Amino acid sequence: MSVLEIKSLTHTYTDGSPFINDAVSDVSFSVEKGEIIGIIGHTGSGKSTLVQHLNGLLKPTNGEILFEGENIWQKPKEIRKIRSKVGLVFQYPEYQLFEETVFADIAFGPKNMGLSGDELTRQVEEICRLIGIKEEYYSKSPFDLSGGEKRRVAIAGVMAMKPEVIIFDEPTAGLDPKGREEITEIIKAYRKSTGATVIIISHSMEDMAEIADKILVMNKGKLEMFDKTDKVFGEGSRLKEIGLNVPTVTKVFQKLNEMGIDVEKDVFTVSKAVEILTELKGRDNNA
Amino acid sequence: MLKDITIGQYYEGKSLLHRADPRMKIIWLIALIVLIFLAQNMYALSFAAISVIISLIISRVPLKMYLKNMKTILPILLFTAIINLFYGEGEVLFSIWKISITDGGVYRSVFMALRILLFILISSVLTYTTTPNDLTDAIESLLSPLKFIGLKTAVHTLAMMMTITLRFIPTLIEEAEKIMNAQKARGADLESGGLTKRVKALIPILVPLLISAVRRSYELAAAMECRCYNGGEGKTRMKKMRLSLIDLFLSLACIIIGAGIITLNILF
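Sequences listed follow chains A and B, in order.
If you number the first sequence the way my numbering does, the last residue is 1700 and the count never jumps.
If you number the second sequence the way my numbering does, the last residue is 1534 and the count never jumps.
Okay, chain A solo, but in the shape it has when bound:
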């Protein structure tokens, strides 16, 4: 059974403005347990609106969201339970820190779920250990940390609820290359230890190629493509048409292909590229 199933989801913003515009219109897809899904799309293509439906922050105008086969809006009073099962890390999550200590801030989510005492401490410590927040940081003020450290703490705050599905809205925005790599590592570590399903919104095609099993492409509120990563990046021209792009490596290989060199078109990671090029070189040497 799919962990998440989205059935013809439509969301219309009408309040306050005379313009009726569908931020998300008639989107259907399903996510299997343990998958890593990347969502790409133009600014304003409805990516953020889409993911805010998955944990019940927004209510669909039309259509429904099924979590493990059950409509999440069946009991509107219990929508908070869904939020601990489907975690959502917003853009720039460090701006939501508020507690006096790092530990207390990370504990906010699990506390809201009703955990307390030893159980709470254990769960928070477990997450800190998993993603590398050292014990000496526990009693520090989150506002004294560096930008990258703050974001790590903020992400830990969502992970501490142990969600089965965790969604990241541009988790690496505004970080330096080292910071980006660290965040990617954290996401991988969480998934490895919990087997959680991961959904990531990102503008970095390279990051997506590196981590995602499947890519979902949004365009003007509609679902444009949803397929395996190699299939999606194999359609460079279609992505270009809607103002997106493919990873640089893929561009190089597509060009090589156009030039008449016999290489695959859907190469999207550097490691795969190295593999193919070494093989090609070996062939040339032998000839």
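Hints are all accurate, no fakes.
Taking lysine-lysine and the DSS-like style, the derived pairs with C-alpha atoms no more than 30 Å apart in a straight line are:
(1) Lys1685(A) - Lys1591(A)
(2) Lys1601(A) - Lys1444(B)
(3) Lys1463(B) - Lys1488(A)
Simulated restraints, written as ranges between beta carbons of each label pair:
(4) Gly1527(A) - Pro1341(B): 39 to 49 Å
(5) Arg1464(B) - Thr1456(A): 29 to 39 Å
(6) Leu1333(B) - Asn1434(A): 23 to 33 Å
(7) Lys1553(A) - Val1465(B): 23 to 33 Å
(8) Thr1456(A) - Ile1439(B): 18 to 28 Å
(9) Thr1456(A) - Lys1506(B): 32 to 42 Å
(10) Gly1457(A) - Ile1439(B): 16 to 26 Å
(11) Lys1553(A) - Gly1498(B): 36 to 46 Å
(12) Ile1439(B) - His1616(A): 18 to 28 Å
(13) Ile1439(B) - Lys1553(A): 27 to 37 Å
(14) Leu1468(B) - Lys1490(A): 18 to 28 Å
(15) Glu1671(A) - Leu1468(B): 53 to 63 Å
Treat the hints as calculated values from the structure; they're not laboratory data.
Computed from a prediction, not measured in an experiment: that's the story for all the values here.
Just so you know, even glycine gets a beta-carbon here, dropped at the ideal spot from N, CA and C.
Position chain B against the provided structure of chain A, taking the given hints into account.
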């Protein structure tokens, strides 16, 4: 829900009053409020009421908008009317226990309520026909004589503070919404519980909001300095406020209303 907050009350339009100089509008408002106060009897007050109604009509703002304003001040209006009902002398209309209501009391009650109603209506005319930015500019211009008594920078600073405040209200609303969503995603419960619980639930929203407001103010200050902001010294305006024929005409109207109210005061 936060999106429902309106800033100022400007109602887009092109009426005579929309086009009038905002400085003059403030002066007329003050003059009319004083005149409504000066009205001593029902005749004078009715005359003021007619003038107010005429200005509502020429503002071309739908009556619905004015009624919406009335709804919020209805409790104050009723309170004033009821309190005044018991003060007043004259023929007793009816009495319960030791409290008696006289015709003088009824008269007074209606008079006071009508007076407040007129204040609110005439003030709404100003806020509906003038953008918040025009209002601050006008206040700065009207207060500019203060520079002769050594408050030169104070006037500009005050006006700039008002402008920045107005400018940042929508930004902060948006920010607050984002933070609320983020905390809700962490399981925060903002909708249920008693008063103490609800107030406590605001901390995770207010702390980040305050921090971000401070951060923004530093950034804004730096950006303003980068663009050579020096506190209004030698600053010229893109949109200059100029008096026009409309202003002359409306000023005359104000004088006529004033003369009318004073005459009616003396006659009756």
